[in-house]
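There are 2 protein chains.
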Amino acid sequence: MKTLLKNARILKMNDEPLFDGDIVIENNRILYIGSNGESYGPFDIVRNCHRNLLMPGFKNAHTHSAMTFLRSKTDGYSLHDWLFDVVFPREKLLKPSDVYHLSKVAYLEYLTSGITACFDQYYFPLMSGQAAKDVGMRILLLGTFNHETSAEDLVNLYEGFNSESESLVRYCFGLHAEYTATPEEYKALNQAIHMAKAPFFIHISETKSEVEDCFKRRGMSPVAYLEKEGFFDYGGGGYHCIYFSDEDIALFKKRNLSVISCPGSNAKLASGVIPLEKYLNAGLNIGLGTDGPASNNCLDMFKEMTLAFSLSKLSTQNAMSLPASEVLKMATINGAKAMGLSDCDILEVGKKADIIEIDLMKPNMHPINDVVSNLVYSGSKDNIKMTMIDGKILYLEGQFFVNEAIEDIYNKAQEITERIEQELAAQKANKR
Amino acid sequence: MKTLLKNARILKMNDEPLFDGDIVIENNRILYIGSNGESYGPFDIVRNCHRNLLMPGFKNAHTHSAMTFLRSKTDGYSLHDWLFDVVFPREKLLKPSDVYHLSKVAYLEYLTSGITACFDQYYFPLMSGQAAKDVGMRILLLGTFNHETSAEDLVNLYEGFNSESESLVRYCFGLHAEYTATPEEYKALNQAIHMAKAPFFIHISETKSEVEDCFKRRGMSPVAYLEKEGFFDYGGGGYHCIYFSDEDIALFKKRNLSVISCPGSNAKLASGVIPLEKYLNAGLNIGLGTDGPASNNCLDMFKEMTLAFSLSKLSTQNAMSLPASEVLKMATINGAKAMGLSDCDILEVGKKADIIEIDLMKPNMHPINDVVSNLVYSGSKDNIKMTMIDGKILYLEGQFFVNEAIEDIYNKAQEITERIEQELAAQKANKR
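Chains as they are written, first to last, in the working numbering: chain A, 1 to 432; chain B, 1001 to 1432.
Among the hints, a few may not be true.
Claimed, not checked - In silico SDA-like pairs for lysine to any residue, Cα to Cα no more than 25 Å straight-line:
(1) B:Lys1073 - A:Thr316
(2) B:Lys1208 - A:Ser321
(3) B:Lys1095 - B:Arg1217
(4) A:Lys92 - A:Met361
(5) A:Lys2 - A:Tyr40
(6) B:Lys1073 - A:Ser321
(7) B:Lys1073 - B:Lys1095
(8) B:Lys1187 - B:Tyr1123
(9) A:Lys412 - B:Arg1029
(10) A:Lys329 - B:Ser1078
(11) B:Lys1412 - A:Pro275
(12) B:Lys1208 - A:Met361
(13) B:Lys1208 - A:Pro275
(14) B:Lys1351 - B:Gly1041
(15) A:Lys208 - B:Gln1317
(16) B:Lys1412 - A:Lys95
(17) B:Lys1392 - B:Ser1078
(18) A:Lys329 - B:Lys1253
(19) B:Lys1133 - B:Ser1163
(20) B:Lys1412 - A:His80
(21) A:Lys73 - B:Leu1018
(22) A:Lys73 - B:Lys1187
(23) A:Lys412 - B:Asn1007
(24) B:Lys1133 - A:Lys73
(25) A:Lys428 - A:Lys2
(26) B:Lys1216 - B:Lys1197
(27) B:Lys1012 - B:His1050
(28) A:Lys228 - A:Asp246
(29) B:Lys1002 - B:Lys1187
(30) B:Lys1092 - B:Leu1031
(31) A:Lys337 - A:Tyr158
(32) A:Lys73 - B:Ser1315
(33) B:Lys1208 - B:Ser1165
(34) A:Lys197 - A:Lys208
(35) B:Lys1428 - B:Gln1414
(36) A:Lys2 - A:Met13
(37) A:Lys95 - B:Lys1351
(38) A:Lys73 - B:Met1361
(39) A:Lys73 - B:Ser1325
(40) A:Lys133 - A:Tyr186
None of these hints come from the bench; they were simulated from the model. Computed from a prediction, not measured in an experiment: that's the story for all the values here.
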């Protein structure tokens, strides 16, 4: 299987300037980038990009994909009430097959936003992983698979998922949050991390009260506690990371941990504004995530980029803060670094072909003064002309190529959503 | 000319619930909304909306459309430096025909975002108006046409433009800002307002220093000064309106003035965060604008809605602040009210047909728990299936129907952009 993407502007995201030329893909990897792709023929697919932009796909570095069923169902709550009163009671009604079907809606949405990989945490992760394989989405699964999982089981999962270099699905250790993990989970995870010498991720310092409560219970910040317990001995990082002390920042730097910022979710839940400029100056690696569709509610990297630079410029009162080029790195290569996706981070010969085509013939891209500024400051999902993952074109000019009718995916998600609301109503009626 | 839009969900924006049915348009007005549109045939155009959403188009209540030539050319400045060092020197090189061509790029962009009317202030407004007519965009032009315009000329303009009820182009009195208007402009405008008994709009309280400087020069806020001089005697309002005192708010309420908020521009220039919640509680009418493409840089109502609710929830630390339904009113009927567009604000028999179709078959709209929440919290430009202005479909499924090849519009804008940079460089070389 050989594909030629010809006549494109190419942004490799490796600090080289924009380049006019072709990309040749053989199976799932980039075979050639240069000015004469035709010479590598014959091809199974030839696409003339008409001087549109080819670049690495966006990396959605924090999400809970299957939460699509809660989209627009749970608006107007702050994090604590949202989680305990609205989300958890409904999640208890989820079946494994629900997660399989609900995740697919999110994966389709990623394709429309040029997202080629997601870092996903949710119940029944094997189902999220299977759905990703079936759609063609690249996914990094996080977490314990159930509360009884032993350290040995976790290590087996880790090694099993990560031994196949060509698989779309990988696995990373992690917990939901310092305040929700059980003692058994803490113990098993800690052992597993040290047995596998593997990185660890967790929701951390997302709200002010989370940090204050941790100080009350443990006498230190969540970051300090997890470090003390050795969870960060082999790297990793945190999601949200809004309320870091200088000590927390220094610790993240020392351990080379990644900050995954989710400005859309943090805004909608009124959790707070992350000091990205400060973290950048401290040398931290910062990726971007959408968080789940119940707290955002959209899964759109353009929105996350917009909120990232908008909130940084406003909170520092400095229009120079977080220029377009930095934001674009966060949405692509920094996310890839956090997720350990060193084989599909930039466009380079030998890398896996996770490539998106940006439509420059839309009015928001004109005039073409600066392609990167146009993309970050003016871009939107309607500039996503093509999304290719692992060498396969899964989304092209508004159409999905995912081996399943999208209407069926939507209908299944709608059914599940309505079933859960009915079950919840019945539970409430029974309690009376 | 008769058009049937059938089999749609219809959001009239008149407080009635969502309605399943058809809309019939005769020439430029809505002839029928109900469950049996077919009975009004025969039709020239029949469009099956397949249960997508029809609603009134967005109103972009503040912009400088022709500033497309500065998009991605002027990033990383605060308002004052941006205006005086970057923008003004380039604007001096603009020819009237430049404004005609550059505006068209913005109008195309409005169509992709479901924007059916704009409130535009720029040099050579007759050219912006002509371009709007030629593309089919509805426009409200603001301002003095040149610094020497007399009160009588202004009143003639006002009456001339606003006497034709079927015209796409209307005219409103206004000035750029308290700190840029000349004494001659102030005088002529003030006379004209009182002769025509007409509303008045102006950039106001956009930055903290603007308000502080006005206090130093005039001993009062810009709002208080303009009120004292009688500019608001017949209504109108202001653009930006970030730094209002309680007295300013009370005055806006008393005079029934509109606040036009431009959160995208305010964020990118680090101007500040508008206290929308406070203004809403005070009963002010609030519309949304993109501002010009040099300060935003995109002309996308979905982005403005996202920033409006995000910044309101964050600044009030309240996830309930500015719910989706309020934001959608701002982007549609409130903007229409500010712009005096009472004939195309809601979907109702007899109103002008400024209608957009929202594609609900995209993954970001699923499951369908709440259409308005989905639209505001999850929507993006790729949900704009159709944009109709004055009964004419100008944008449908990614294609423009504007009597001119879009490549020609882009090329012309690119030429002008490059010519201005060359002239600026030549000027600088001459000065050395």
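* To do: Return the numbers of the hints above that this structure violates; sort them in rising order.
  => Of the numbered hints given earlier, those the structure breaks are 3, 4, 9, 11, 12, 16, 17, 18, 20, 22, 24, 25, 26, 29, 30, 33, 34, 37 and 40, listed in rising order.
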